Amino acid sequence: MNYHADQNGYYGIFGGAYIPEILHSNVEKLRDAYLRIMNEEGFKKEFHGLLRDYVGRPSPLYFARRLSEKYGARIYLKREDLNHTGAHKINNTIGQILLARRMGKLRIIAETGAGQHGVATATVCALMNMQCVVYMGETDIARQALNVRKMEMLGAEVRPVASGNKTLKDATNEAIRDWCCNPSDTHYIIGSTVGPHPYPDMVARFQSVISEEIGQQLSEHEGRDHPDYLIACVGGGSNAAGTFYRYLNDERVKLIAVEAAGRGMETGESAATIHLGREGIIHGSRTLVMQTEDGQIVEPYSISAGLDYPGIGPIHANLSAARRAEVLAATDDEALRAAFELTAIEGIIPALESAHALAALAMKTFRPHDVVALTVSGRGDKDMDTYLAHFDKFNRRP
Amino acid sequence: MNRIQSLFESKPTGVLSVYFTAGFPHLDDTTVIIRELERQGVDMMEIGIPFSDPMADGPVIQQSNGIALSNGMTLKKLFGQLEGIRGEVSAPLVMMGYLNPVIQYGAENFCRRCAEVGADGVIIPDLPFSDYLRDYKPLARRYGLSFIMLITPETSDERIRLIDEHTEGFIYMVSSASTTGAKDRFDEKTLDYFRRINAMKLKHPRLIGFGVSGKETCDAAQQHADGAIIGSSFIRLLSQNSIGEAVAKLITNIKN
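Heads up: the protein sequence lines correspond to chains A and B, in order. Under our numbering, think of the first position of the first sequence as 1, with each following residue one higher. Under our numbering, think of the first position of the second sequence as 399, with each following residue one higher.
Any given hint might turn out to be false.
Stated by the list, open to error - Using 16 Å as the maximum straight-line C-alpha spacing, the simulated EDC-like pairs for lysine to aspartate or glutamate come out as follows:
1. A/29 to B/556
2. B/475 to B/533
3. A/254 to A/225
4. B/613 to B/563
5. B/474 to A/294
6. B/475 to A/293
7. B/475 to B/427
8. B/581 to B/614
9. B/474 to A/225
10. B/599 to B/556
11. B/535 to B/556
12. B/475 to A/294
13. B/535 to B/562
14. B/599 to B/563
15. A/70 to A/370
Hints are computed from structural coordinates only; laboratory data are not their basis. This one's a predicted model, so the numbers in the text were calculated from it and none came from an experiment.
Take the sequences, apply the hints, and build the full model.
Structure representation (structure tokens):
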């Protein structure tokens, strides 16, 4: 089986490009250019140079001794939290801005939920001296003030979105509308493996540096280039796609994707799209979508703003449908417990998103020699308010 | 021959088509609006199926979609409302909406119900042309529906020819790179695009929409193509007036 995108951007029945006609030529030009540009020697050199010197890659693959003892396996943490700007998001924004420049674009737009992708986009725009507009829901602006100020300090214009529920889904709609109005000079840097083809494949390729490094680093640590398990959280799915990428077709490696169950799968307050969604169209992609019987897209809920998306990257919809990946779901409480545990026994405060991946360790039974690589997609600085609000309930020394 | 073709044969220039969102301003306004539009001389009606995430629409139509949904409009209810409309109205009716609600309803069910209530055409702005050819064109034929595709200033001549070859009814010309919403006038670049398409001598009639509101834009659309489509400015009038007054003001606006 091949779990990569075909040439039309389909992963099985998922993917494709369901976009208004005004964007057709733009998306077509991107589709025709992205692989050619990404394969140019000059591009690769500049991309990997920036990943090394600016982002700080390779990110460490850290053998978590105490965590390993607790869960009875050889657990490695892929430390994307140590990247510049604090998450894996910047791998993709560096790649896309280099691509945008080569395509002659002058203006960058992006959507953001919690603000991590917005900050990563504003950062590379400052670096490359390009105009940057970030769409962000008014609800998110109110609860992520620090990231809004960071984006502004980096020179981006943050445009508040007042439509719908004023969160990530609506910010994405608004970014797409901006692109409809400015198709020729603007490149839209989508933050995850979502949107019309070629975005899911392009973002996965830019993030695939995560699994390339895991392979090299495991060779050094374990004398073999593949783990038994890979674990990552999924919202749109970019860090998971990057973590799995090199091993998609390598069936020796078990893939585990962890969704946000929110307050619980049955509560109606969840963001577990693969578990709860039905096939549909969202933001230009055919994938699993959380929706009403009538096909209206519903607002998901998770304590983690980065997993709070009613769709899922088509690559993951297919991995799940083909049973190539096991898809688990962690509740808010399970994620919080895992975040406090990692902090207490390894001294690493993870992002709430990454805490969902960590919560999966308690749901699985491993054999002692199993090698598990788990991606810590981001650091917890942005989530300190949430952690402090739950401090008394979860801060128990093990 | 369906009603869309008949319309363009009987009225080769100056066709006026009007869009409204079903369920706005009130759930049960659908047939009242259609009857009033026909009574006051509008040639064709586009019935908008509300959607939670209308990504090609500007603020006015977005808002009307949100209100229609909170009024409880669904595709099933809409078809129910349209039952019997053919006894009262003879103008062509076009169903316009995003793909996801259509998929959830079922593509074939949707086409069958369109035909049963007497709709003539369908516009789905986010339906890819390749999916249309594979999945929807056979259904369109089976149920006697015209699927109408959009072209824009960014659409290549080659693609326009392909669309002209494989669709029926008319071609929906998006006036400029934008979402839906009223404009006062078209700039010279837009008029150049109208002339360029005009010179292509396409098989199908063309209607110009997006940004058409008052006399100037409507005249330009009717001069450079076979007619005009008005949406946002009618929605705005509906939110401030009775249905009869809204239609009357719309007609006055484009004449003066």
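Quick rundown of the hints versus the structure:
1. For a cut-off of 16 Å, the pair hint linking residue 29 of chain A to residue 556 of chain B stands: about 15 Å separates their Cα positions.
2. As the CA atoms of residue 475 of chain B and residue 533 of chain B are separated by approximately 25 Å, the hinted pair breaks the 16 Å bound.
3. Among the hinted pairs, residue 254 of chain A with residue 225 of chain A is consistent with the structure: their alpha-carbon atoms are about 14 Å apart, no more than 16 Å.
4. Only pairs whose Cα atoms come within 16 Å are accepted, and residue 613 of chain B paired with residue 563 of chain B is rejected, the gap being roughly 32 Å.
5. Taking the CA atoms of residue 474 of chain B and residue 294 of chain A, the gap is near 8 Å; set against the 16 Å cutoff, the hint holds.
6. Restraint check for residue 475 of chain B and residue 293 of chain A: the C-alpha separation of about 13 Å stays at or below 16 Å, so the hint holds.
7. Among the hinted pairs, residue 475 of chain B with residue 427 of chain B is consistent with the structure: their alpha-carbon atoms are about 12 Å apart, no more than 16 Å.
8. For the proposed pair residue 581 of chain B and residue 614 of chain B, the alpha carbon gap of about 10 Å is at most 16 Å, so the pair holds.
9. Proximity of residue 474 of chain B to residue 225 of chain A is assessed by CA-CA distance (about 55 Å); at most 16 Å being required, the pair is judged violated.
10. Between the alpha carbons of residue 599 of chain B and residue 556 of chain B the distance comes to roughly 13 Å, so the proposed pair stays at or under 16 Å and holds.
11. With a C-alpha separation of about 20 Å, the suggested pair residue 535 of chain B and residue 556 of chain B falls outside the 16 Å cut-off, and the hint is violated.
12. A distance of roughly 10 Å separates the Cα atoms of residue 475 of chain B and residue 294 of chain A; the hinted pair therefore holds under the 16 Å criterion.
13. For the suggested pair residue 535 of chain B and residue 562 of chain B, the alpha carbons sit about 13 Å apart, so the restraint of at most 16 Å is met.
14. Between residue 599 of chain B and residue 563 of chain B the CA atoms are separated by roughly 12 Å; this keeps the pair inside 16 Å, and the hint holds.
15. Restraint check for residue 70 of chain A and residue 370 of chain A: satisfied, since their Cα atoms lie roughly 14 Å apart, inside the 16 Å limit.
The earlier numbered hints that this structure contradicts are 2, 4, 9, 11.
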